[in-house]
Structures are given as C-alpha cells and as structure tokens.
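Given next are the chains, with one letter for each unit.
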Amino acid sequence: MNHLRDWQKDSLWALLALLLLLALPLTSPSRVVVDFIIRLCAMGLLATSLNMLVGYGGMVSFGHAMFFGSGAYVFALMLQKASVSVPVALLTAMLACALLAAVIGAICVRLKGIYFSFLTLAFQMLLHSIIITWTSMTGGDQGLTGGIPRPVFWGIDLSQTQHMYVFCCVLAVGGLLAMRLLMQSPFGYTLRMLRDNEDRAAYLGVHVWRVRLYAFVLAGVFAGLGGVVMSLFVSGAFPDFSYWTMSGEAVFMIMMGGIHVFIGPLVGAGLLQIFNDTVTRFTPYHGLALGVVILLFTLGFQRGVTDVFRLFRKSSAAAGKESL
Amino acid sequence: MELTALLECLGSVSCIVTQSSTGLIIGALLFLVAAGLTLIFGVLGVINFAHGSFYMLGAYIALTAYRLTDSYALAALAAGVGVGVFAWLFERFFMRRVYQSDVLLQLLVCYAFILILDDVVKIVWGAEFQSMGMPPAFQMPPLFIGGGVVPVFYVYLMSAAGLIAFLLWFTLTRTRIGKIIRAAAQNPSMTSALGLNTRLIYALVFSFGGLLAGLAGGLAAPVRSMSPGMGFSILIESFIVTVIGGMGSVSGALLGAILIGLIRSFGSIGFPLFVEGLMFLSMVLILVFRPSGIMGKAQS
Amino acid sequence: MSKNTSSDRRTLLKLGAIASAGLAAPFVSRAQNKPIRIGMPTILSGRVAMLGQASSNAATLEVEKFNAAGGLNGRKIELVIRDSKGQPQEAARVARELVTSENCEILLDAEASSGAFAVHEVARDLGVLVMHSVSETSSLSADPKVRTPLGFRCARQGIHDAIVGGAYAAQVAKAKNLKRWMTVSPDYAYGRDTTNEFIEYLKFFNPSVEVIGDVWPKLFQADYTESVTRLLQGKPQAIYSALWGGDLTSFIDQASIYGLFKDREFFAVNMADYAVLTAVKNVPNGLHSGNRYLKSFPNTPANTNWCNAYQARFKDLPLNWAWQNAAAVQFLTTAMKKTNSSDGKKMADALRGMSIDSPFGNNGKLTMRADDNTVVDYAVGWGALEPKEPFMAKPSPGNWKQIAELELQWKKRKSFA
Amino acid sequence: MLRIENLNKSFGGVHAIENLSIDFAPGTLSAVIGPNGAGKTTFFNLISGGLQPDSGNILLAGENMVGLSRNAIVHKGIGRAFQVAKLFKSLTVEESLRAALQSALGRAAQMHGNFPLMATRDRAHEVMSQLGLQHKADTVSGNLSHGDQKLLDMALALVLRPKVLLLDEPVAGMGPDERTQMMDTVQQLWRQGGLTIVLIEHDMELVFRVAQRIHVLSYGKLLAQGTAEEIRHHPKVIEAYLGKAVEHTHE
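Chains as they are written, first to last, in our numbering: chain A, 1 to 324; chain B, 325 to 624; chain C, 625 to 1041; chain D, 1042 to 1292.
Next comes chain A alone, as it looks inside the complex:
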C-alpha cells in the first residue's frame, strides 16, 4: 500500500496548491499577481521539464527552449489558421512537440556530455533560423501577430482574465504533477540510474538510448505546454521563445532554484521573475544587477536555493534518505 500513499500524497499537494492559487486573486484584486502567476506557470513548466533532463537524467540540454517555442507556435497557429477549438489546439501542440522531440532526440541522445549540449544548441538555432525564414507561416522575426482567437469551449472563455488564470493554473499544476509522478515512477528512477552511472545501467539491462529518448520526448512535451501558456499570455508567438536566451534563462532558473529537489526549478523561476520584475523597475542596468546575482549564486553557494536548504536539513538530520 506504500506506493499508493506516495501517489496520493503528491496529488493532494497538487490539489492544495491549485486551491491556493485559485484563492489567491480573491485576497488581492491586483492583476499583477495574476499576471505573475500565469508567467510563472509558463516558465515553471519550462524549467521543471528541463530539470527532468538535467537534474534527473544528467543530460544538459542547451536547446530546451526549442520545444517551448514550438508549443507556442503550433498552438497559436492552430487557433489562428486552422480555427480549431482550444483543447484540440492544445493536444496538437503537445503532439507536435512530442514528434519534434522524438526526431531531434533520436539524434541527440546518442551523444554524451558536452556534445549532447552542443547538438541541442545547434538544433535550437537551426529551428530558430527556420522560424525566422519561414515568414509566410510564422510571421518571421515579427512573430505571430494579430492575436490568438480564443473560442469558448466547455463554458470556458479564455478572453476573460479569470478563466484564463484558472486554465493556466490547471495546466501548470497538472503538468507539474504529471512530471512529479513520472519522476517518482520506475521510469524516473531508471533515469536517475542513467544520470549516476549510465554505463552500469546498461550492464544491468537498461536500454539507455530508449530511456533517454523517452525522457527527451516527455521533457519536450511539457516544455511545449509551457509555451502554450506563454502564447496565451502574450497572445502570440515570437521567435525569441525558441532562442538560446530562453534556454539560458531556463538553465539559470534551475541552477538558482536547485536541481536536486523537484520544485527547485519552480522556485528558481519564481525568484528570477521577482528579481527581474523588481530590478527593471528601478534601473536600466538590470544586466549588471543580474550578473552580480548570478556570480553570487554560482561562486558563493555553488548550488541552488532549495539545494542549500536540502543540505542544511540533511546535515541537521545527520543521515537519512536523499529526497531525490
């Protein structure tokens, strides 16, 4: 019965988080909070899905944002050009990301270490050039403009802020829960085996290439989900979404939040967003400020916030199971 309890515990936490999120706008009428959380949903999905690869699988992807961008573009295009319903567009976007990730992943996951990173980066830049070049479909460098139509479905009208907020929260919490369950599943532990010692895992009968590919595809799908949320937020899709800067931001989020705790990337995304939103308000030299903060984290702590807490907890508990 032990495994059932874990599963239920995670779901209960997710439900609680969702209820809290939904109650939040009631406590403060400010739309800033709502906007903040919608963006956090998008970036949290991106960062957490990247951490499935980096933190759990030991696969350092430099090009993860390509799926974020693909998700945004496919979703927006389906609504704009194919005029399908929102759920169909959502499913198509995730499916497209899965397919793309399967093709690119099949090539990338064969490579190890830094070469895997380079190849993902190269694919991302290639995809970015294609988006820029294929103007008739993507709108090129201007992005997909003109707004995304949001037909009402199941009584949900995404042009209303409240509906949109609830929708994004449900997508994000659902996505995060799904990733959590995946990472706690047998598959999740196989992934940890590969991270710790890929060679040994192969000698224990693990089909390394296949498991990595599954992880790559799954991470791509959830990054795409994040892209969908972002495209709803900005009502469009832009080449920047699949640019290296977006991947870089995601990498920084997971490093800032910590890669050894499931919600670390989410915490990192939140912290970076708070930092960014505050600093840009006061100075145009936010690059300088962010640079200093990054140096503080990388050289001072050498690890993310949640990892610091985890170490602290571990050292006070002297011993015990790893939380990951």
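Calculated directly from the structure, the hints in this document are not laboratory data. Keep in mind that a hint or two might mislead.
Residues of chain D clear of chain A, computed beta-carbon distances all greater than 10 Å [claimed, not checked]:
1. Ser1062
2. Ile1063
3. Pro1067
4. Ser1110
5. Lys1127
6. Glu1136
7. Gln1151
8. Arg1164
9. Gly1188
10. Asp1225
11. Leu1247
12. Gly1267
Here are the computed lysine-lysine pairs in the DSSO-like style, where the Cα-Cα straight-line distance is at most 30 Å [claimed, not checked]:
13. Lys962/C x Lys700/C
14. Lys842/C x Lys81/A
15. Lys970/C x Lys81/A
16. Lys919/C x Lys800/C
17. Lys112/A x Lys1130/D
18. Lys1035/C x Lys1012/C
19. Lys81/A x Lys1038/C
20. Lys112/A x Lys1117/D
21. Lys1036/C x Lys81/A
22. Lys9/A x Lys1130/D
Among the chain C residues that face chain B by a calculated CB cut under 10 Å, a handful are [stated by the list, open to error]:
23. Gln677
24. Ala678
25. Pro841
26. Tyr882
Since the structure is predicted, the reported quantities are computational estimates derived from the model, not experimental observations. We treat Cβ as the ideally placed atom computed from N, Cα and C, and that holds for glycine.
Starting from the known structure of chain A, fit chains B, C and D onto it as the hints suggest.
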C-alpha cells in the same frame, strides 16, 4: 533558393575566384576570434562563453586608444593587452573557482560577465553604436587579383590571421612552453607532480586566449561598428567554427573558419535567405557524424 | 555625451520613483490633482538601447513642456518608462504591469515591431489607449485584423518612404540613366518589406529600371564581405539599402574599402539620421537618403528650435525615434486638452482624424488619419547627401496627395482596404 | 555453460585477445589470472558486450552472444561486477537493487505507479541478506565504505539471477581481513548452487584457495589452465607470471 545562380557561379572562374577569396577573408576574421576560444578549451577544458564579450571589450578599447593616439597599431595592441589583463583577472578571481564544477556553473559565470560587460560598456561608452573609421593608411583603392577584388586592409588582416595561426602552431608544437602547455592539457595532475605550476599555465593560457579575442576586436574595429551586445553574434560564429573544427584544435579552428567562410560566400548566392541556417545545419551534421569535429580527437 | 543622457535618465527614473511614492501616500485623494500616468515600454538595453534612449528623451521633453504649461487643468503627466530588453514577452509583461499595477491610463509604446505587436495585444486586452511611436510596420495599423479602435501609430511607415523614395530615385535614374539596380537589406520583416515596396515604386515611376540581384545580410551581422562582393559582381549602376544604424555604418565602412561606391549611386533610406551621419567617417559620394530626422528638414524655425532644445537638454542630436515620440506626446496632450479628460475612449475619438501643429509636419501640421489611426502629412523627403551640416542641402519633399493615392492602391492589393 | 571459442580482439594492431578458447562448465567457480595487460578485463568486456570481438564465438548454454548489446546480454543471463565498483551514487542500496530488478522485469520505462515496485522487494532483500547488506538498505550508495561498495556492485549483478557471474577483481583495494571475508562470501554464493562464477584476481593465494579451475592469460593468449595444483607447478606459468606476482605481493 537560387540554385541556378549557384550553378552559374560554379561555372565561372571569376565568380569562383571572387567568392573563394571572400570566403578566405571571412574565414580569416573568424579565425582571429575563434583561435582564443579553441585554445582555452583545448588546454583548460572549459568553454569561455564570455569570449564574444572579450571581443567587444577589445573593440571599445581600440576605439578609445585610436581616438587618443591616432595610431591603429597602438589601438590594436592596447585592445589585445587590455583584454589579456582583464582575462587574467577574470580567470584568477572567477573562472578558476569553477573549473572542477558542472559545465552549467561555468556557463553561468560566463553569462554573468556577458551581462555585466554589456552594461559596463554602455555606461562607459554609451548606448549608441560607435565607429572608429578606416585609418588613413588603408584608405586606398583595392587590389585586383586574378579577376577578384581584395581590399588592402583585408590583405593585412589575413596576414595577421596567418601569422597568428603560424605562431600558435609553432609555439604549441615546437617550443618547450608548448610542450608544457600540451602536457598540462592532457594530464594536469602529472604536470603539477613534475613541479610545474599548472595554475600559472592555466592563467597564462586563459589570458592569452582573451588577448587573442581582444586583438581580433581591435583589428576588425575599423570596419565594424560597435555597440553593447555586439559580442553575442561573434560568440555564436566563433562557437560554430570551434565545434566544426574540433573543440581545442587550433588547426581545426582555421579549417572550420575557412569552411564557414566558404559556406557563407557561396551560400549567399545559392541560399541567400538561409545562410545562417546553413551554418547551423553544418554544425548539426558535424556533431551527428563526427562529434569531435574535423580535427578533434575522437570521442572516448 | 551619452554619459549625460544616461544620468538624465537616472534622474528621471528617480523622479518617477519619488512621484510614485507620493502617489501611494494617503493625502493625495483629489481626483483633479491626480497625475495622468502614461506607461512607456521601450528598449533600453541590448543592441538597440539608443532607440529607447532617443524615445524616452524626446517624450520626457514634451511631457515637461506640457507640465510646465500647467498640464491638464493642473493635472500633470507622469511618464513611467520601462525597459523591455527588446523581448516581446517582456514587452507584454511590462505593458500589462504598467496598466494594472502602475495605474497608467495610456500606453506610449516605443517598441520595435515584434514588441509593438505584443503591446498592441495587451492594449486590446486591457482596453487602454495605445500610441505606437516606433514601429514602422504597416500592418500594425493597415491590417484591419490587427487594428483596434484604441490603437494609434505616430511613426513613419515603410510604404510612405518607399513611395517618396521610389519617385525620387526614379527621377535620379532618369537623369543619370541608371538601369541596373541591386538591393542590400537586412533579412527581417522591415528590411524585406521596405525594399520590395521601394523597388515596386521605383519601377512604377521608371519602368526602364531593372533589378538584377538582391542580397540579404542578417540583422546585426558583423561581417558584410560576402554581401559586398556579391554586389561588386553584379556590377549594378545603383544600389538600394534598408540597412540602418550600426549595420549601415559597418556596411559603408566595409564596402568603401572594396571601392563599391566608386562611380555608383547608393540609395540608403535610413542614412539621414544623425547617429549614422556622425558615425560614418568617410561618407562616399553619390549617396542618397530619405530623411529620418534632420534639423534642416523641414527647414522651419519650429523644427530648428525643437532640435536645439533637445540638443541643449540631452547633449545629443535627436534621432528619428525622437521626433516620432515628441509628436506622439503632442497628439496625446492635444487630445487630452480637447476632450478635457484622460479617458482613453474619449481621447481615441478625438484623435481619429485630428490635426495638430507640429514642427515635424510637412506643412507645419501632422494628421492622425481616421481610416487607419496612423500619422500622415509628416515631413518625408529624399535627397542627395553631403558629409557635413546640413547634410541634405536640397531635399525633395514627398507629395502627400500622391502618397495617399498610391498607398490606398497598395492597401487594396494587400487586401487591407 | 559459457564457452569461448577462438576469440580475437585487437586494438590498432595490438592483439589484446588472441585465439582464446575456454570452456566454463556449469556450476563451476573459475578464475582468470594473468599479469597486468594480459587482457583479462578486455576478456570480460568482450563477454559482457562492452566490446565487440573481431572474431570468435561466446556461447552461453549454446547461444551465441556475439553481436548482442550489453543490455541484451544481461537479459540472457550474464551478470558482471567491476574492478572499480560502478554504482548509482545517489540511490540507496535498496533503491539501487530494486531499480536494477525493475529493468530486468522489463519495466525500466514504466511511467505509472510509484518506485519502488512491490514485485522487486523480496528479491532485493534476499540478495541484501545473502551479501550481508541488509542493515545498509537505506544508506546512500555514495556514502558506503569501500568494501560495501564492492558488495553492492556484486549484489547489482546478482540480483538479476544471472546464470554466469563475472567478478572483476572482487577484492581489489581491500585489507587482508576484508579480502578473506569477501572471498568467503563469494564461495558461499557459489555453494548455494546454480551459479557459474568467473573471477579475475591478482591475489594468487585467494585464487588458489577458492577457484576450481584456473585459466592463465598472457598477452591475450591462454597460457595454461587447470586446477590450482596444476597451475602452481606449471613451468610456463612460473616463468611468465608467478615470479612477478611474488614480487607484487612483497611490495
């Protein structure tokens, strides 16, 4: 796609001459920047993602030095030395502390400096783009060689690139310091066990890599306007060159640079709208079929 | 010189912060005295930071003038300037935040195109008045699918430049018998659109012109060698370029050493902007440009005075983005005075079709065209350049009647109208 | 059980394994010895699929393993422990074993349900108690002592119920007491039956004490094979190997 144009060009000698010389010029400029990046990777095993920013810093230092002295040679020298010193400090106080860490931490430290340097340049030199202008000595009509046109200034830049390539090759393979550097690259613990100061070697190599980036920025300053953030496209270009040529291989960087130069000069005829895409595509193909690059050692 | 402007901006931001602290204080309750807050998302970092700097400078100057003159019945305008870093999602975020948390009633959007579209959608979503002051992309106002009743544009448009430039270049081509043309423009929407439109009107006014090749370097490319040699090989008699800013400067520097401009006419629409004119050290002969902003065009006291005031205040010459933002603020303040309110809908009604006195007008007046909420009648012209003040001695101003006619036909072809 | 026929492998012209044929009978405990560079580890790598032979056959109960991937060979029943323990350093002992088991059950990529699977519990505990690791069940592998790491490494191979267990220097880097203890454990495992064990070892005394049959490699070739007594007196072995080994133990 304009494949007919490309085929037409390939059928004409003068077009081939011109485009090839164009490719060589682009390649020479690319090599100037990429050499430092690949040298640092080859010896230290770290990727200096701040390399483009070093280039930018070099260009700006050259600009100021040129305005002060009116001498292009002094400007380029100041750029190289200035950035070399900066790189030494950067290595000493920041990079050194993350050599043993995850590549992600190294990436972030460099990223932090990309952000910081962009803002510093903006504070010191302003947000508007700046231009140094061609020194009067090079304001002369271009040379006509074998049906192709080659500006005098580029002849000079190409010789500089060739000289640097030769000096690097000579130093690394024919001198004692080169032997020590190669030993430090292959087996750092053995090198320090032999009583050599690995740390100093690393600092020197990093600083020299920075010097090359700064020098490149200074050398190219007369024909490239500068603005904060200009380092990024330079980083991407030299990164592609380095990966294609083989991370850590100086001769690979030279080959990669020329290859990219040719891809750009001929690609701009055949695929005018997808030249950059072609560069990434070639990087993908190299990584898929020969991950360690043209001249790199095979993946273990 | 830029040091001064940035410290000015810092003071400005500080003032903004103090003012917002004052706003939060409880004793400010009387609605009449509540300042009118205008949110201004723009680009203050990265490669086009000078765009944001010129825009915010000019807007600040106009707002100061308005406030000094008593504001709107004592209500002053507060400009809240935010950096979007040139990222569309950040532009959307900043724009939303300006409205929802900074209580801005109006958005003055000084974003480049993709950011402008993102801000446009935010304004549509939140129902606030937005004045685009930088984006030159026609579809922002021309495409009825994109247009909103509360969205306006106070910026030049590529199509206008193309018609005027086409007419001017056709004349030069006739006079000098220039038949073989090539183009070199940055490979992105603005570069492609303006180039195609220019060529279209060049051929319209002079059918004997033949375009024998086109070259598309990347935006912010460092090395233009392959573009230059492609142009050399084509042996055109004239070259058109939509390159701008630092890219144009680099291109000219690199092309000069190849002797590309020798015995050739070069038409660069974005050349006559002080940033480029002052940066290019060796301006070649045979250079023609559209006006971006010139102190001497229109050659009126109002324009010269405005330029002098700007230069005195910021120790820098105004750029194209500067006049557009100044005019944008002029439109907004005039609409406020006319409706005696800062209500977006009322102001929008007033703005539609409104004409204002402005130094930047063709005949001293600027008009916000009613059909598509976009500015017309601004000073637009082309002319041959020389390396020193006044740079363009004999500009040929565009004919707005002709522009309007041709623009309408163009919109019909694009099924925008 | 495991038959090696005419196995060859060379690296850039150097013969690491040359025309090697050995038959490991079912249920035996055999040892492969040889000086450094004799090709012992290469031999194991060839059997377990880490390297592909240039020619020759590796037959497990008559079935040829050549050309199969590492994971396929594991599924056929050849388990392997390493000279330097290869562990999953962030997983606990029990988690490691259960993760290994789930992959043997073909459920490595199962995405539903929680880890660890119930189906893996009993076997994991069985192996832990066989090897005396039960009180370390919740210790993170990376924090284990050297000896325990070697045990866990062996346990990882053992937990999959291999037919043939390859042990690469099971006592490397251990103190004298630990060595004896480890060898006792190996012997116990073997006595429980059903398992064909092949070990590589440097420590001659241990090998002569436990191994039924000993195969001596030198420069990739089979020099001699036989019982401990036969090997001890084999002239070629004494000449080529034992001298060095004696020196080695005196160091």
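Going through the hints against the structure:
no.	hint	in the structure
1	Ser1062	25 Å, holds
2	Ile1063	21 Å, holds
3	Pro1067	22 Å, holds
4	Ser1110	8 Å, violated
5	Lys1127	4 Å, violated
6	Glu1136	7 Å, violated
7	Gln1151	4 Å, violated
8	Arg1164	14 Å, holds
9	Gly1188	18 Å, holds
10	Asp1225	25 Å, holds
11	Leu1247	24 Å, holds
12	Gly1267	30 Å, holds
13	Lys962/C x Lys700/C	16 Å, holds
14	Lys842/C x Lys81/A	28 Å, holds
15	Lys970/C x Lys81/A	34 Å, violated
16	Lys919/C x Lys800/C	29 Å, holds
17	Lys112/A x Lys1130/D	19 Å, holds
18	Lys1035/C x Lys1012/C	38 Å, violated
19	Lys81/A x Lys1038/C	18 Å, holds
20	Lys112/A x Lys1117/D	27 Å, holds
21	Lys1036/C x Lys81/A	22 Å, holds
22	Lys9/A x Lys1130/D	27 Å, holds
23	Gln677	5 Å, holds
24	Ala678	9 Å, holds
25	Pro841	8 Å, holds
26	Tyr882	5 Å, holds
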